[in-house]
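> Protein chains in written order, with this note's numbering: chain A, 58 to 156; chain B, 1077 to 1262.
Check before you lean on any hint, since a few could be wrong.
[Said to hold, decoys possible] Far from chain A, some chain B residues (derived; all Cβ distances over 10 Å): (1) W1081; (2) L1111; (3) T1122; (4) C1150; (5) A1197.
[Claimed, not checked] Residues from chain A that face chain B, not an exhaustive set, calculated with beta carbons under 7 Å: (6) F61; (7) L69; (8) F71; (9) L76; (10) A78; (11) A79; (12) V98; (13) S100; (14) A120; (15) L144; (16) I148; (17) V151.
If you're looking for bench data, these hints aren't it; they were derived computationally from the structure. Built from N, CA and C at the ideal position, the CB exists for glycine as well.
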Amino acid sequence: MAEFDLNLQSLLRFKLLSLLAAVTELEFAALRDELRVSDSVLSKQVSALAGIDYVRSRKGVHAGRRTTWISLTRTGRRALTEHITALRDTIARVDPHLR
Amino acid sequence: MESSWTPQPDEAATALGDARRSQEGLAARLRLPGLFFGSIAVAVATQLATTAVGLAVGTTWSHLVLAAGLLVFCAVAVVQLTRFRNLNGVWIAGLAHRAVLGTATTASLSYTAALAGAVWAGHLDLWWLTAVCSAAGGIGYALGGRRWFSAYRGDPVAHSRAQSRWQLLAFATLAAAGVVLLLAAA
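Sequences and hints are given; from them, build the entire structure.
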């Protein structure tokens, strides 16, 4: 049975990883705008997730200015998949049709 | 990481729904640069026509024409992908592989059929037919890319990922085998 990931208990982190799963790489400002958070909040979350090897960040250039590109790691993708399965299991226990 | 934390079913449904909506919102907000698929269609048609000339005529200048066609396609692909990345702040390997490099099924089938037709017509000196096959191949290729982009918007997670190295190697091997066969037939 799939287990919940304590690192993804925060809805913001869960949403952050979900957005990264929909692309290959996302620029810092684009991710900040999608999540509607401040630079400092996003920076803190990215650092925390990078510390446990869930995301990877690299310096790059976007539209002529220096910026940071963020992507999901294999570990992060696996953790996200398992967490989603655990969430679906929780729903299915109440209503199997909602799984 | 295992935890004793267990969300209630309504919390789980909210989290999943929120995540899915944010993915769909991101995919819906992505914009394609102007003439994205139009320029890909023209570049592929040019590449098909120049390849047909290169293989059917078989002289030094025709081989240079073939190389020029490949360069045109590569230049258009790089420019359009860079514009997409700059416009959206997003990189999607699936777009590069399936829509631009043509590994999506519709694009690869259109390309293969059009190339065979264009080269065959070139060997028969039916250059008008080479032009028709090349144009049809370019349009089919671009439509395949557009179809992939619609599918991506419907399910971003399933379509965002790059093709595996083995799949790309298989495509490259098939393409190389096709060129060898065409050269042998010439």
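> Now tell me if each hint is right for this structure.
Each hint tested on the structure:
no. : hint  : verdict
1   : W1081 : violated (5 Å)
2   : L1111 : holds (19 Å)
3   : T1122 : holds (28 Å)
4   : C1150 : holds (20 Å)
5   : A1197 : holds (39 Å)
6   : F61   : holds (5 Å)
7   : L69   : violated (10 Å)
8   : F71   : holds (6 Å)
9   : L76   : holds (6 Å)
10  : A78   : holds (5 Å)
11  : A79   : holds (4 Å)
12  : V98   : violated (16 Å)
13  : S100  : violated (16 Å)
14  : A120  : holds (5 Å)
15  : L144  : holds (4 Å)
16  : I148  : holds (5 Å)
17  : V151  : holds (4 Å)
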